[in-house]
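Join these two chains into a complex; the hints should help.
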Amino acid sequence: MFKIFIVEDDPGLVKLLEAYLHKFDYDTFAVTDFDSIKIQFQQFAPHLVLLDVNLPKYDGYYWCRQIRNLSTCPILFLSARDGKMDQVMALENGADDYITKPFDYDIVLAKINSQLRRAYGTYAAAPADRPVDVYGLHLDRERFCLRLDETKIELSHTEMKIMDELMMKVEQVVSRDRLLEKIWDDQVFVDDNTLNVYITRVRKKLSTLGIEDALQTVRGQGYRLVPSWGERR
Amino acid sequence: MKLFLREQRPVIMIYFVQLIVVTFVYWLDGYRNVAVSLYAVLLSSCLLTGYLVFRYMTHRSFYRRLEQPVASIGDFTDVKPESPLSEALHRLLKLQYRHYLSELNEHTEKIESHIQFINQWVHQMKTPISVIHLMIQQESDPRSMAIADELDRLRKGLDMVLYTARLDLFEHDLYVETLALEKVVRRATSTQKRLFIRGKVFPVLHMEQQLSIVSDEKWLDFVLTQLISNAVRYTTKENGKLYFRANQEGGRTILEIEDEGIGIPGSDLPRVFDAYFTGENGRKFQESTGMGMYLAKEICHKLGHEIELESIEGKGTVVRILF
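Taken in sequence, the protein lines are chains A and B. One point on numbering: in the UniProt record's numbering, the residue at position 54 of the first sequence is 54, and numbering is uninterrupted. One point on numbering: in the UniProt record's numbering, the residue at position 232 of the second sequence is 232, and numbering is uninterrupted.
You may find that some hints are simply not true.
[As the list claims (entries may be wrong)] Sample of chain A residues at the chain B side, in silico, Cβ under 7 Å:
1) 16
2) 18
3) 19
4) 80
5) 84
6) 102
7) 105
8) 171
9) 175
10) 178
11) 181
12) 184
13) 189
14) 191
[As the list claims (entries may be wrong)] Here are the simulated lysine-lysine pairs, PhoX-like style, with alpha carbons at most 25 Å apart:
15) A:84 - B:193
16) A:161 - B:200
17) B:183 - A:182
18) B:193 - A:182
19) B:237 - B:110
20) B:237 - B:193
21) A:111 - A:23
22) A:111 - B:315
23) B:218 - B:193
24) A:84 - B:183
25) B:156 - A:182
26) A:182 - B:241
27) A:84 - B:218
28) B:297 - A:84
29) B:193 - A:161
Since the hints were derived computationally from the structure, they do not count as laboratory data. The beta-carbon is built from N, C-alpha and C at its ideal position, and this holds for glycine as well.
Pulled out of the complex, with its shape left as it was, chain B reads as follows (with noise of 0.2 Å):
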């Protein structure tokens, strides 16, 4: 109505100066009768209220769409239109609306086949390692120990790619079961013995035997993995500590990691989350991608977890999930 208003004030506004200036010439020529003139006021303004009441009347359905905000894009095509203006108008979003939609589909298209590639790329690339993997296995010498450990490195930058990418289809990659909670932190714990004994910092567990967790294991080890590389890298002191804790308070489960490690600036705390923030330590430290906490939190997310984070300068950092 508002807009409607708007949109026909010069309308209005000329036909009020052209009643003066009608009513004026009369004036001027003598003609006199008020009671006349008001009559013929009264009766084009009926006219005028006539045109508008019609105009809006047509035009209504029009008007109240373009004053209301659009929820979605596609959210107009199911408006019929009612006179030549809005059809034209309705014409014109319609074949916008396609130019976009193909458009759209079009990157959405290039997206996946992207991420396709990047899957196979990946899984392409664990060929070598494997055969690197093997070469070296059964040599002790300290150049085959650089090597694993560079090999190590890695499996874990691509294992992180391979999970970026699969993290916007999710839900097809999920297979929730009930799992032994000791048992997952012990094997997410052997697989990374190198890193352990390399970052000279050990693992000690203090866990509640027999809880059982409700979970994806390949994708709660890609965040238990996350957070074991992230506790050893930034433990600096010799023989330090890795502890895991797990309990039942509430009816929740909860796995807490505690590292002794150089913990995290409180500036930096309230970020820590996010997407390719490295903050202090990761610009100290070489390799920070920001990805590694962010992946950890949005992955728990869909998993129904929660993980928080708890840290003081210095002394160490907690992380817990609960289940």
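Bound-form chain A, shown alone (with noise of 0.2 Å):
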């Protein structure tokens, strides 16, 4: 278990942060006493460490110098502040990488895998990339493939970020705009009219999973996934 030390302030934010690593089956520390960082680094020996800019007395980059002192483990920053020059203070200061709040889980999450498998050299499943199942159907993230007992399917990009979504809120409503949100990328941009499409494309593949009417379209709302083959089994 990969151990996270948390130093910052605003307590909301942390307890956020910890809940959703833990879901992650991340260890984590966050500091309440701000004098004493060190010691609590060192007592808490983490893999990693997410670090604010703007803390209590002594800042971010200060920190970040002291802990260089004791530990080459990779050091995310966390802060709100955008300037290009406060990302260049946080990689000289021994930063490994940057993030701006707001963030995204998603963003933290990949990033601190990133950061642990480069450190550490763990490029065995890190938990963000463990399949999803849902009564039986298995949808593999990293080779874009869903498969339902002995059958397996090949989706594309985009289909596999669609069955995710309807998956990962199984039997719950999600809203067009939702999915439209999800599948968004710096490389396709989806109208209305192409998700109707990609709809379409992904109940045909269902079915040649042998999965009828399972992905059912709730009028003026979106679309939801009802798990039509676990009764079957």
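Structure (structure tokens):
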């Protein structure tokens, strides 16, 4: 289990971060006494540090240098300052990466994972890449494929994202806007009509697995994945 | 010279009146030798002229200073006073200037500390925003979506404050590098995806590959975000498109952003880049500060880019950035 040391003075943010990281099996320690960060660091001996820039007394840059005297573990900055110079400062003081507030969970997790992989060479399945499993239907996010019993089909990048969202929220309605947001990335801009096309394709792929009527349209609200295949087992 | 003569006019006039009076008194007394009195006139005129010349010579620089407009406030300090009057004036001006300077310093300090406060405050506000952002990130019910939209607006508002405050210190906050234009545009559109989806407007990119520009990414991103949010806000038609085109013309790279929105009335067009100008559209739609386009223009200007705007009411608006 990887240990993550969080130096952030906003308790609300710390709580949310910790709760999220615990979900992915990380052990965390949040600093509450900002006078003895060094001692607490040594006691906890973390694999990775999340560090805020604006802290009581000394700033994050200072603590980054202090930690660097003790350890070479990855240090990720979390800061509201989004200036280029702030990022340069952070990196020059020994940080490995910089995340600006407000951030997404996905980004924090992805950056933590990538730093841990780099530092400790564990290219084995990182927690975030675990397959999703709903009533025997497997989604492998690494290999872009969907498996039910022995049948396996490949999915495109976008189809995978749609299935991922629907399976995470199984039996709940997922709005069209939410799906659009999920599948939109730097390379693909998807509009309303294209989403319809993708949904049709996903339905077709599901039917090749023998799953019918699982992806339901909820009028005016969005889509819902009902595990119709689950009952047969 | 003119000022000097105007200043000395009463003296000259009194001299002539006195001359006439004295000559008249002698004339009444019976002394009527014209030649002698003319000689007296000549003599005393010489004295007057001498006095005037002397006076002018000693006060020349003083008068010249009074006549010439001052180029800047600290302009007079290097002049050497030559006569008691000009010295007194010089002292007065200097004293006033000192008072003025200290007051000016006080104000500058106040403004600077205010800007610093605003900066700090905005950054402090970003933490609660991050917390709310994290809290609703994994929810997809309509309420959380609505909160996310409001959060986006808050964030944009805070950014606007931050960038307005920073504009004066632009030179300290500049990081110019070569950027791939397409990447910059894609990043800007991606970060605004929620806005696009909610506004039911979708971007279409027609860009020549590998066009690179020299700019500061953060400031440019702010400008693009501004233009995008305007375009989306003023596109009322569903499934409207926002076109991004880039090409090279005459050695300059041009980025064109065209929307299918309501356009801008011709009467408002010349003033869209003015500060606090909201125009007709701003009154029809809520939440227009009139600062967006002004900031966009200022930033482009400081980055060395040109920004142009064309619009047909009811048809759409084209904004062009020339790098």
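Hints and how they fare:
1. 16: Status holds, d = 4 Å.
2. 18: 11 Å, violated
3. 19: 9 Å, violated
4. 80: 4 Å, holds
5. 84: 4 Å, holds
6. 102: OK, holds: residue 102 of chain A within 7 Å of chain B, min 4 Å.
7. 105: 6 Å, holds
8. 171: Constraint on residue 171 of chain A not satisfied, violated at 13 Å.
9. 175: 6 Å, holds
10. 178: 4 Å, holds
11. 181: 6 Å, holds
12. 184: 5 Å, holds
13. 189: 5 Å, holds
14. 191: Residue 191 of chain A check passes; min Cβ-Cβ to chain B is 4 Å, inside 7 Å.
15. A:84 - B:193: 23 Å, holds
16. A:161 - B:200: Distance of about 21 Å is within 25 Å: holds.
17. B:183 - A:182: OK: residue 183 of chain B and residue 182 of chain A at ~20 Å, within 25 Å.
18. B:193 - A:182: Given that 25 Å is the threshold and the Cα spacing comes to 10 Å, the pair holds.
19. B:237 - B:110: Distance ~47 Å between residue 237 of chain B and residue 110 of chain B Cα, so the pair is violated.
20. B:237 - B:193: This hinted pair holds, its Cα atoms lying about 18 Å apart.
21. A:111 - A:23: 16 Å, holds
22. A:111 - B:315: Violated, because 44 Å separates the two Cα atoms, which is more than 25 Å.
23. B:218 - B:193: Holds, at about 18 Å.
24. A:84 - B:183: At roughly 17 Å apart (the allowed maximum being 25 Å), residue 183 of chain B and residue 84 of chain A satisfy the hint.
25. B:156 - A:182: 21 Å, holds
26. A:182 - B:241: Between residue 182 of chain A and residue 241 of chain B the Cα gap is close to 20 Å, so the pair holds against 25 Å.
27. A:84 - B:218: Holds: residue 84 of chain A and residue 218 of chain B sit about 8 Å apart, inside 25 Å.
28. B:297 - A:84: Answer holds: residue 297 of chain B to residue 84 of chain A is near 22 Å, not above 25 Å.
29. B:193 - A:161: This hinted pair holds, its Cα atoms lying about 16 Å apart.
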